[in-house]
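2 protein chains.
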Amino acid sequence: MPESKTILSVELGDRSYPIYIGSNLLDQEDILLPHIPGNSALIVSNETVAPLYLNKVKALLKSKRVETIILPDGEKFKNLEVLNTIFDALLSHRLDRNTTIIALGGGVVGDMAGFAAASYQRGVHLVQIPTTLLSQVDSSVGGKTGVNHALGKNMIGAFYQPRAVIADTSTLNTLDDRELSAGLAEVIKYGLIRHADFFEWIKINIDQLLAKHPETLLHAIKISCQTKAEIVAADEKESGQRALLNLGHTFGHAIETGMGYGEWLHGEAVGAGMCMAARMSSSLGWIQEAQVQDTINLMQQAKLPTMAPEAMTTEQFLELMSVDKKVLDGVLRLVLLKDIGQAVVTDNYTQKQLAEAIKASQPA
Amino acid sequence: MPESKTILSVELGDRSYPIYIGSNLLDQEDILLPHIPGNSALIVSNETVAPLYLNKVKALLKSKRVETIILPDGEKFKNLEVLNTIFDALLSHRLDRNTTIIALGGGVVGDMAGFAAASYQRGVHLVQIPTTLLSQVDSSVGGKTGVNHALGKNMIGAFYQPRAVIADTSTLNTLDDRELSAGLAEVIKYGLIRHADFFEWIKINIDQLLAKHPETLLHAIKISCQTKAEIVAADEKESGQRALLNLGHTFGHAIETGMGYGEWLHGEAVGAGMCMAARMSSSLGWIQEAQVQDTINLMQQAKLPTMAPEAMTTEQFLELMSVDKKVLDGVLRLVLLKDIGQAVVTDNYTQKQLAEAIKASQPA
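Protein sequence lines, in the order shown, are assigned to chains A and B. In terms of my numbering, the first sequence is residues 1 to 364. In terms of my numbering, the second sequence is residues 1001 to 1364.
Worth flagging that the hints you see were computed from the coordinates, not collected in a lab. Backbone N, C-alpha and C fix where the C-beta goes; we use that ideal spot for every residue, glycine too. Among the clues, some could well be false.
To give a feel for the contact side, a few chain B residues facing chain A, derived at Cβ under 7 Å [what the hints assert, rightly or not]: (1) 1038; (2) 1039; (3) 1094; (4) 1119; (5) 1121; (6) 1149; (7) 1152; (8) 1318; (9) 1322; (10) 1325; (11) 1328; (12) 1332.
Put together the whole structure using the sequences plus the hints.
The structure is reproduced here in structure tokens:
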């Protein structure tokens, strides 16, 4: 089989790390191993991914002591209680400070394994092996880790960078259509916030992306990771421009929390959230109605929701959004659009305008 | 009342912070306030300390929105479950990323509030107001935060530095004798690991320390904090010499975990642990029997235990010590003594020697 890979770098001084992107990377012996410094590792995976890829990863680590923990699959398990089962595994296997936690799975596995790595013995090594489109283009890169709290999404966590990210695009072959679309939401996001030309490219190639055409997917993943790597290198801990990566996320997190974690996939909630942000940007006079329609059309083509859930009220949105991490001294800053390809963080809107924007996104 | 204070500094570049030490600091309006950057704060305290000092601290923050959470008192509550009640409080009060968590209490409160500050929204501001001798001389300084796991002490946590430490020595007036002795264990530790002359000073002044003589206590706290600040500045994340601060702690943590958290106070377990380390250092031929006796005598004078608990077997010790954070690729490194005032980290001992050292510390 052909073995080709791209290597990007997240530039963070002595904590810089590579992102490997390509097909059949989990069949190559020389990629993972050099990023395991000690003689032991714990693979954290879930009950969907483990049957598909766990043995492959284990086979790459024959020279190490390898332990495994399999989590239940889904966002509703991304909490402190399930996190503690990772600590149970680490301690019952007596894994020490020089161990490496390997996250093998999608965003939920990566976020939890990452936070476990940040916290176990105050920090052990971490490698991300994302197996969904969403985690390959977004969550495995940049060091955001954490779990949900009943009152808010991703409210407990740490910035903690991996030693490497290995995105084997062959794993996307087993991804179901709903998860694929959820990942495309984050791909579209990079176009909307920073790259008008990439947005145009996605419009042209959306059918090939949905058909999992390998070269097309590879390009989308590369551009997404490159964009994220640049932004994270410039602002690791989100004191500035990194917040732009949250386009659609304040609305989206409210949907995820309000509907119950896991009802809507993260990417689905973000897709609807970006449509809500686009509508609000237009109602503030910042973008044209045609650009809103352009955004909504692409989201529809990607088979993503474009409206808020019927079950949620405006009041519920406002309540849930008030605990967003972008609230600063009581004021919620939103990521909105000044153009396709140009997002801004702003508190330059009234509560009434926000409420109206939510209403405009509710099903009649 | 006389108001005098010493200010030390923990030098960590742009994360450097002051340690204020002195009497009646909680009556002075200009100390705490400048270290609260946002307009809100959450005071984390416990049911013992809050009735004594909560209103004092609140009175210093009249210009801020101040919320409070009162934890149950004791090491057995230092776990993920109780930690989550801090997150509940933060979220139900909608405290944002610019909020400051203020730890008002002893080591347990400081460790948990600190880890909550490290993890809430991936990091909010933290100020430590330690109210016990142990927390004033040790745990409030240096950024180690965390909670216990059933299988190991302090196994889940983060390195997370506060913006300031305010050690009001007047709060020690309400400290009971057992807690005072527990704090003295960590004071003696600084003498043993680094300062033979300070060890001699403690021997001379032990009765005054036990009688809470203000000037004597103040001196002990200053030297302790100064020593800790130097070590932390040189090795924040314990890749080297910071491990010396763990003299007696590997034995001690095993006692705390083995007996059930809270049965032995941390300082009591560390006191007995340092005697065990001294006996082992002597049996390895590194220090003289007279120096062991000197150590044990001072621990006795400080009203600290010098033997392992009767209820624990050697096997139990070895089992619990095998998950210590100083285990590296399967080998447990111990902090032992080459002299009074000179500790080293070493794996230069046999498992048999360790077992014999434990046996030598067990009551006949």
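Practice item. With chain A as the partner, please determine if residue 1039/B meets the hint condition of a C-beta pair closer than 7 Å. Key: 5 Å, holds
Check your understanding: Quick one, is the residue 1322/B hint okay against chain A at 7 Å, beta carbons?
Key -> Because about 6 Å separates residue 1322/B from the closest Cβ in chain A, which is inside the 7 Å limit, the hint holds.
Review point. Can the hint on residue 1119/B be confirmed by a CB-to-CB distance to chain A that is less than 7 Å?
Key: With Cβ-Cβ at 5 Å, under 7 Å, it holds.
Check your understanding: Does residue 1152/B pass the interface check with chain A, least Cβ-Cβ distance below 7 Å?
Key -> For residue 1152/B, the interface hint holds, since the closest Cβ of chain A sits about 5 Å away, which is under 7 Å.
Exercise for review: Tell me if residue 1038/B is really an interface residue toward chain A, meaning its C-beta lies closer than 7 Å to one of theirs.
Suggested key: 6 Å, holds
Check your understanding: Minimum Cβ distance from residue 1094/B to chain A below 7 Å?
Key -> 5 Å, holds
Review point. Does the CB of residue 1149/B sit less than 7 Å away from some CB of chain A?
Key: 5 Å, holds
Practice item. Classify the hint on residue 1332/B as holds or violated, based on whether any CB of chain A lies nearer than 7 Å to its CB. Key: With Cβ-Cβ at 9 Å, over 7 Å, it is violated.
**Study point:** Satisfaction of the residue 1328/B interface hint, Cβ to chain A closer than 7 Å
**Key:** 5 Å, holds
**Study point:** Residue hint residue 1325/B, partner chain A, criterion CB-CB below 7 Å
**Key:** At 5 Å from the nearest chain A Cβ, residue 1325/B passes the 7 Å test, so the hint holds.
Practice item. Would you check whether residue 1121/B satisfies its interface hint, that is, whether its CB is within less than 7 Å of any CB in chain A? Key: 5 Å, holds
Review point. Hey, does the residue 1318/B contact hint survive, CB to chain A under 7 Å?
Key: 12 Å, violated
When held up to the earlier numbered hints, the structure conflicts with 8 and 12 and fits the remainder.
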